[in-house]
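Given the structure of chain A, go ahead and fit chain B onto it with the hints provided.
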Amino acid sequence: MTALLEIEDLRVTFNTRYGEVTALDSVSMHVNEGETLGVVGESGCGKSITALSTMGLIPMPPGRIAGGAIRLNGEDLTKVSDSRMRSLRGGDIAMIFQEPMTSLNPVFTVGDQIAEAIMLHQKVSRDQALKDAIALLDRVGIPSPDKRALDYPHQLSGGMRQRVMIAMAVSCRPKVLIADEPTTALDVTVQAQIFDLLNEIQRDYGSAIILITHDMGAISEMADRVAVMYAGRVIEDATADQVLDSPQHPYARGLISCIPALGKGAQQDRLAEIPGVVPPLHMLGAGCSFKERCSLTNARCGSEKPQLINHGAHPVACHAAEEGRA
Amino acid sequence: MNASYLMKRLGYGLLLMLGVVVLNFLLIRLAPGDPAVVIAGEMGGATEEMLESIREEYGLNKPVLTQLGIYVGNILQGNLGESFFFNQPVSKLIGERIFPTILLVLSALITAIVLGVFFGVLASRKPNGVLSAAVAVFSSIGYAVPVFWTGIMLIILFASVFPIFPVEGMMSVKLRDANIFIRSLDVLHHLVLPAFTLSVIYLAQYARLSRASMLEVLGSDYIRTARAKGASERTVLFKHALRNAALPILTVAGLQFGSLISGALLVETVFNWPGMGTLAFESILRRDYPTIMGVLLIASGIVVVANLLTDMSYRIADPRLRGES
Numbered sequence: 002m003t004a005l006l007e008i009e010d011l012r013v014t015f016n017t018r019y020g021e022v023t024a025l026d027s028v029s030m031h032v033n034e035g036e037t038l039g040v041v042g043e044s045g046c047g048k049s050i051t052a053l054s055t056m057g058l059i060p061m062p063p064g065r066i067a068g069g070a071i072r073l074n075g076e077d078l079t080k081v082s083d084s085r086m087r088s089l090r091g092g093d094i095a096m097i098f099q100e101p102m103t104s105l106n107p108v109f110t111v112g113d114q115i116a117e118a119i120m121l122h123q124k125v126s127r128d129q130a131l132k133d134a135i136a137l138l139d140r141v142g143i144p145s146p147d148k149r150a151l152d153y154p155h156q157l158s159g160g161m162r163q164r165v166m167i168a169m170a171v172s173c174r175p176k177v178l179i180a181d182e183p184t185t186a187l188d189v190t191v192q193a194q195i196f197d198l199l200n201e202i203q204r205d206y207g208s209a210i211i212l213i214t215h216d217m218g219a220i221s222e223m224a225d226r227v228a229v230m231y232a233g234r235v236i237e238d239a240t241a242d243q244v245l246d247s248p249q250h251p252y253a254r255g256l257i258s259c260i261p262a263l264g265k266g267a268q269q270d271r272l273a274e275i276p277g278v279v280p281p282l283h284m285l286g287a288g289c290s291f292k293e294r295c296s297l298t299n300a301r302c303g304s305e306k307p308q309l310i311n312h313g314a315h316p317v318a319c320h321a322a323e324e325g326r327a
Numbered sequence: 445m446n447a448s449y450l451m452k453r454l455g456y457g458l459l460l461m462l463g464v465v466v467l468n469f470l471l472i473r474l475a476p477g478d479p480a481v482v483i484a485g486e487m488g489g490a491t492e493e494m495l496e497s498i499r500e501e502y503g504l505n506k507p508v509l510t511q512l513g514i515y516v517g518n519i520l521q522g523n524l525g526e527s528f529f530f531n532q533p534v535s536k537l538i539g540e541r542i543f544p545t546i547l548l549v550l551s552a553l554i555t556a557i558v559l560g561v562f563f564g565v566l567a568s569r570k571p572n573g574v575l576s577a578a579v580a581v582f583s584s585i586g587y588a589v590p591v592f593w594t595g596i597m598l599i600i601l602f603a604s605v606f607p608i609f610p611v612e613g614m615m616s617v618k619l620r621d622a623n624i625f626i627r628s629l630d631v632l633h634h635l636v637l638p639a640f641t642l643s644v645i646y647l648a649q650y651a652r653l654s655r656a657s658m659l660e661v662l663g664s665d666y667i668r669t670a671r672a673k674g675a676s677e678r679t680v681l682f683k684h685a686l687r688n689a690a691l692p693i694l695t696v697a698g699l700q701f702g703s704l705i706s707g708a709l710l711v712e713t714v715f716n717w718p719g720m721g722t723l724a725f726e727s728i729l730r731r732d733y734p735t736i737m738g739v740l741l742i743a744s745g746i747v748v749v750a751n752l753l754t755d756m757s758y759r760i761a762d763p764r765l766r767g768e769s
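Listed in order, the protein sequences are those of chains A and B. Under the numbering used here, the first residue of the first sequence carries the number 2, and numbering increases by one thereafter. Under the numbering used here, the first residue of the second sequence carries the number 445, and numbering increases by one thereafter.
Careful: at least some of the hints might be erroneous.
[Unchecked claim] Cβ pair distances, simulated, as ranges:
{"id": "1", "chain 1": "B", "residue 1": "F682", "chain 2": "A", "residue 2": "E43", "range": "34 to 44 Å"}
{"id": "2", "chain 1": "B", "residue 1": "K570", "chain 2": "A", "residue 2": "V125", "range": "26 to 36 Å"}
{"id": "3", "chain 1": "B", "residue 1": "K570", "chain 2": "A", "residue 2": "G325", "range": "54 to 64 Å"}
[As the list claims (entries may be wrong)] Dumping the calculated SDA-like pairs for lysine to any residue here, alpha-carbon to alpha-carbon at most 25 Å:
{"id": "4", "chain 1": "A", "residue 1": "K132", "chain 2": "B", "residue 2": "K683"}
{"id": "5", "chain 1": "A", "residue 1": "K176", "chain 2": "B", "residue 2": "I667"}
{"id": "6", "chain 1": "B", "residue 1": "K683", "chain 2": "A", "residue 2": "S88"}
{"id": "7", "chain 1": "A", "residue 1": "K124", "chain 2": "B", "residue 2": "I667"}
{"id": "8", "chain 1": "A", "residue 1": "K132", "chain 2": "B", "residue 2": "V680"}
{"id": "9", "chain 1": "B", "residue 1": "K683", "chain 2": "A", "residue 2": "P107"}
{"id": "10", "chain 1": "B", "residue 1": "K570", "chain 2": "A", "residue 2": "A136"}
{"id": "11", "chain 1": "A", "residue 1": "K124", "chain 2": "B", "residue 2": "S676"}
{"id": "12", "chain 1": "A", "residue 1": "K80", "chain 2": "B", "residue 2": "R678"}
{"id": "13", "chain 1": "B", "residue 1": "K570", "chain 2": "A", "residue 2": "R85"}
{"id": "14", "chain 1": "B", "residue 1": "K570", "chain 2": "A", "residue 2": "S82"}
{"id": "15", "chain 1": "B", "residue 1": "K683", "chain 2": "A", "residue 2": "F109"}
{"id": "16", "chain 1": "B", "residue 1": "K683", "chain 2": "B", "residue 2": "P718"}
{"id": "17", "chain 1": "A", "residue 1": "K176", "chain 2": "B", "residue 2": "E677"}
{"id": "18", "chain 1": "B", "residue 1": "K683", "chain 2": "A", "residue 2": "R85"}
{"id": "19", "chain 1": "A", "residue 1": "K148", "chain 2": "B", "residue 2": "K570"}
{"id": "20", "chain 1": "A", "residue 1": "K148", "chain 2": "B", "residue 2": "R766"}
{"id": "21", "chain 1": "B", "residue 1": "K683", "chain 2": "A", "residue 2": "D128"}
{"id": "22", "chain 1": "A", "residue 1": "K292", "chain 2": "A", "residue 2": "E21"}
{"id": "23", "chain 1": "B", "residue 1": "K683", "chain 2": "A", "residue 2": "N16"}
{"id": "24", "chain 1": "B", "residue 1": "K570", "chain 2": "A", "residue 2": "P62"}
{"id": "25", "chain 1": "A", "residue 1": "K124", "chain 2": "B", "residue 2": "Y758"}
{"id": "26", "chain 1": "A", "residue 1": "K176", "chain 2": "B", "residue 2": "S676"}
{"id": "27", "chain 1": "B", "residue 1": "K683", "chain 2": "B", "residue 2": "Y758"}
{"id": "28", "chain 1": "A", "residue 1": "K132", "chain 2": "B", "residue 2": "P763"}
{"id": "29", "chain 1": "B", "residue 1": "K683", "chain 2": "A", "residue 2": "D113"}
{"id": "30", "chain 1": "B", "residue 1": "K570", "chain 2": "A", "residue 2": "R18"}
{"id": "31", "chain 1": "A", "residue 1": "K292", "chain 2": "A", "residue 2": "L245"}
{"id": "32", "chain 1": "A", "residue 1": "K176", "chain 2": "A", "residue 2": "S158"}
{"id": "33", "chain 1": "B", "residue 1": "K683", "chain 2": "A", "residue 2": "R127"}
{"id": "34", "chain 1": "A", "residue 1": "K306", "chain 2": "A", "residue 2": "E7"}
{"id": "35", "chain 1": "A", "residue 1": "K148", "chain 2": "B", "residue 2": "A761"}
{"id": "36", "chain 1": "B", "residue 1": "K683", "chain 2": "A", "residue 2": "S82"}
{"id": "37", "chain 1": "B", "residue 1": "K683", "chain 2": "A", "residue 2": "K306"}
{"id": "38", "chain 1": "B", "residue 1": "K683", "chain 2": "A", "residue 2": "T110"}
{"id": "39", "chain 1": "B", "residue 1": "K683", "chain 2": "A", "residue 2": "L157"}
{"id": "40", "chain 1": "B", "residue 1": "K570", "chain 2": "A", "residue 2": "M61"}
For the record, the hints were derived by calculation from the structure and aren't laboratory data. C-beta: ideal position from N, C-alpha, C; glycine also.
Only chain A is shown next, with the shape it has when bound in the complex (with noise of 0.2 Å):
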C-alpha cells in the first residue's frame, strides 16, 4: 500500500550569508490515511521546515528544494505548478500554526476568515460559505458560534482562535492536516481539549495529522508513528510505542528522560537534561551532527554519516546502535 503523504530524500537548502546552508537533509516520512505521525525534535531542528515544504510554503529565494520529492497520491508537489499548489493548499493539505494570537488576519472577522478558505475551494456563494463557517465554528467547539463568527479575532482568546485555526484548517476536509505545534502558546487545560479535538476531527474527517511537537506526552497521546527529528535529518522513525519504551538513537533516549515524572519522589532528582545544543546548520563537520552531545561515540561517528537504517527493531541512524553499543 503506497502511503498517503511520502516524503523521500527531501534536501531544502538555504542561502544565507554564512553560504549555503542544508536545512533538510535526505529527509524521509511518510503518513497514511486516517493516520497519526508525530515529529519531534529540538527547535531548529527541521521539523517546522519540513511542514513548510510539504506546504509549498517555503520562502524561495532564499530557500530552494535541492532534491528529493513529497507525494501526495503519488502526485509529486515538488514539481507541481504554483496554481496547483494553490488548489491543494488549504484544499487537500492544510495546516494550523502554532501562534493562534498573531494567526488570524486582525481586520476581517473569523466569520469572513473561515468563509474566504472555503470560498477558495468550493464552488458555494458567499452566503452559504458564511453558513458553512459558522457550522464549522460550532463543529470546533466555540459557543453562540453565530454571533462569534462575526467577531474580530483580538475579541476571542488563545484557545478560541486556535479552534477558529483548526476550523479554517479543516473546512475543505483536507487529506492531510499538518500541526505545527499547535498547542504550545495555549494553556496545559485548553491543550488537552486541543487535542481532543484534532481527535474528533480525524475520527470524522479520517484525515492523516503530522503533528509537530516538542512534547512528548502530546506524542503518547496522539502519535501512532514518530519521526524523531535531529539537525535537519530523520534519526530515528518507529511506532510511538516503540520511541517511547525503546528508543534507540542516545538523542531520542535523551528525550524520552526528559519527560518530567510527576509523583511522590519526583522532587528530589533533578531533571534530565542533554548536554550542550543543536549545532548551527552552517557548522555541521563530517560524521554524526550528534557527536559533540553523545555519550557514546568513537571515530566512526566522527567521521561516517550514519544512515537511517534497520539494525533490529526500527530504522534509527546511529553507529553504535548498529554496533550493539546502544
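Positioned in the frame of chain A, the structure of chain B alone reads:
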C-alpha cells in the same frame, strides 16, 4: 464606533477652533501701530471716517476682552470682516476661493495616495528589486525638491516643449459660454499640472511608507495563514496585507493634511490657481489683515475637520480601535 467618542472628538475640534480664533485676534492686537490702521491696510488713503467706522465695528475703543467678545460674536454670525483692499466681505471672498482649493488639495491627496500606495505595494513584492530602488530614488528626489521649483519646471516643460496642458488659471476664457460638461473638463484639464505638482512630495512619501509598511506586514503570521489557505498572491497582497499596511498610511495622510494646505498656497501662486492660497498670498502682500485672518480661520477649520475624518476612518479600518474611547 460609539457616539460619545464622536462627541468628544467634536468637542476637542471646537476647542481647537476657539484657540485659533483667539490667536487670530491677538495677531492684530500684537501688530505695531493703531489696529484700525492695520485692519484698513497700508492703503495710504484710509480716511479718518473709514478708520472711525472700523473702530466702531471692531469696538476698538472698548476693553480688550470686550473686543474679543465682539470678534467671536461676529465670527459666529459668519461675519469675517470686510476686506478694504478687495472691497468685499471676507466671507464672500473666501466663499469664492474655497472650492478651487479643496478641489486642488483633494485631487493631489488622492493622486498621491493611490499612486504612492500602488508603487509601494509593487515595490514591496521584491524588496531588493529594480522597482524598489526606483521608489527609493524617486522618493528622495520628490522629498528634496521644493514644490515651487517642481511647479516652475513643469510650467517650462508644458509651456514650451510639450504644450498639452494649460499652465495658468483654472478655466479658459474662450470656453466661458460652453455647457457645464465642457467647462468641467476644462477645469480638470487645468487641474492636471497643479495637482501633480502638489502631489509629487506626498506621492514619494506614500510610496516609501507603504513599501516599508507592506514589508513589515508581509512578514506576519496571518499572511502565511492566507497563503496556507491557497489564496492567490494578488489576494494576499491587496486584501490581506494592504488592509493592515494601510493603517499607518492613513495616519500619516491625516497628519500631513495641514502641510498639504500650506503646500497648496505655493502651488496656487505658481500656477495662478484662483484658490485660497492666491488669496492669502495677495492679502499678505497688501497687509490685508481681515482677509489673512479669515483665510487662517477657514484653513484651520479644514485641517480640524480633516483630522476628525482621519480619526473616524482609522477606527473604521482597524476593528481593534472600535469601542475604545
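Hint check:
1. A hinted range of 34 to 44 Å holds for the C-beta pair F682(B) and E43(A), which are about 39 Å apart.
2. Hint check: K570(B) to V125(A), Cβ distance near 35 Å, so the stated range 26 to 36 Å holds.
3. One distance hint, 54 to 64 Å for the beta-carbon pair K570(B) and G325(A), holds here, with the actual separation near 55 Å.
4. With a C-alpha separation of about 22 Å, the suggested pairing of K132(A) with K683(B) holds against the 25 Å cut-off.
5. Only pairs whose Cα atoms come within 25 Å are accepted, and K176(A) paired with I667(B) is accepted, the gap being roughly 23 Å.
6. The hinted pair formed by K683(B) and S88(A) meets the criterion: a straight-line CA distance of about 18 Å does not exceed 25 Å.
7. In summary, the hint linking K124(A) to I667(B) is supported, as the alpha carbons are separated by about 23 Å, within the 25 Å threshold.
8. Annotation: proposed proximity of K132(A) to V680(B) holds, straight-line Cα distance about 24 Å (limit 25 Å).
9. At most 25 Å may separate the alpha-carbon atoms for a hinted pair to count; K683(B) and P107(A) meet this at roughly 12 Å.
10. Restraint check: the Cα-Cα separation between K570(B) and A136(A) comes to about 40 Å, which exceeds 25 Å; the hinted pair is violated.
11. Restraint check for K124(A) and S676(B): satisfied, since their Cα atoms lie roughly 16 Å apart, inside the 25 Å limit.
12. Distance hint between K80(A) and R678(B) is fulfilled; the C-alpha atoms sit about 22 Å from each other, no more than 25 Å.
13. Distance check on the hinted pair: K570(B) and R85(A) sit about 23 Å apart at the alpha-carbon level, within 25 Å; holds.
14. With a C-alpha separation of about 21 Å, the suggested pairing of K570(B) with S82(A) holds against the 25 Å cut-off.
15. Taking the CA atoms of K683(B) and F109(A), the gap is near 10 Å; set against the 25 Å cutoff, the hint holds.
16. Proximity of K683(B) to P718(B) is assessed by CA-CA distance (about 40 Å); at most 25 Å being required, the pair is judged violated.
17. A C-alpha spacing of about 24 Å is found between K176(A) and E677(B), which places the hinted pair at or below 25 Å, so the restraint holds.
18. Taking the CA atoms of K683(B) and R85(A), the gap is about 21 Å. The hint holds against a cut of 25 Å.
19. The straight-line distance between the Cα atoms of K148(A) and K570(B) is roughly 40 Å, outside the 25 Å bound, and the hint therefore fails.
20. For the given pair, K148(A) sits about 17 Å from R766(B) by alpha-carbon distance, which is consistent with the 25 Å threshold.
21. Restraint check for K683(B) and D128(A): satisfied, since their Cα atoms lie roughly 19 Å apart, inside the 25 Å limit.
22. Distance restraint check for K292(A) and E21(A): the Cα-Cα separation of roughly 22 Å lies within the 25 Å cut-off, and the hinted pair is therefore satisfied.
23. Under the criterion of a C-alpha separation no larger than 25 Å, the hint pairing K683(B) with N16(A) is inconsistent with the structure, at around 30 Å.
24. Pair hint K570(B) plus P62(A) holds up; C-alpha atoms about 11 Å apart against a cutoff of 25 Å.
25. A threshold of 25 Å between alpha carbons decides the hint, and for K124(A) with Y758(B) the separation of about 34 Å lies outside it, so the pair is violated.
26. Between K176(A) and S676(B), the direct Cα distance comes to roughly 21 Å. Compliance with the 25 Å bound is thereby established for this hinted pair.
27. Annotation: proposed proximity of K683(B) to Y758(B) holds, straight-line Cα distance about 17 Å (limit 25 Å).
28. At roughly 22 Å between alpha-carbon atoms, K132(A) and P763(B) fall within 25 Å of each other, so this suggested pair holds.
29. At most 25 Å may separate the alpha-carbon atoms for a hinted pair to count; K683(B) and D113(A) meet this at roughly 12 Å.
30. For the given pair, K570(B) sits about 19 Å from R18(A) by alpha-carbon distance, which is consistent with the 25 Å threshold.
31. Restraint check for K292(A) and L245(A): satisfied, since their Cα atoms lie roughly 22 Å apart, inside the 25 Å limit.
32. Restraint check: the Cα-Cα separation between K176(A) and S158(A) comes to about 28 Å, which exceeds 25 Å; the hinted pair is violated.
33. Distance restraint check for K683(B) and R127(A): the Cα-Cα separation of roughly 16 Å lies within the 25 Å cut-off, and the hinted pair is therefore satisfied.
34. Between K306(A) and E7(A) the CA atoms are separated by roughly 23 Å; this keeps the pair inside 25 Å, and the hint holds.
35. Our distance criterion of 25 Å between C-alpha atoms is met by K148(A) and A761(B), whose separation comes to about 21 Å.
36. Between K683(B) and S82(A), the direct Cα distance comes to roughly 23 Å. Compliance with the 25 Å bound is thereby established for this hinted pair.
37. Distance hint between K683(B) and K306(A) is unfulfilled; the C-alpha atoms sit about 48 Å from each other, more than 25 Å.
38. About 13 Å separates the Cα atoms of K683(B) and T110(A), which keeps this hinted pair within 25 Å; it holds.
39. Distance restraint check for K683(B) and L157(A): the Cα-Cα separation of roughly 22 Å lies within the 25 Å cut-off, and the hinted pair is therefore satisfied.
40. For the hint linking K570(B) to M61(A), the alpha-carbon distance of about 12 Å falls within 25 Å, and the restraint holds.
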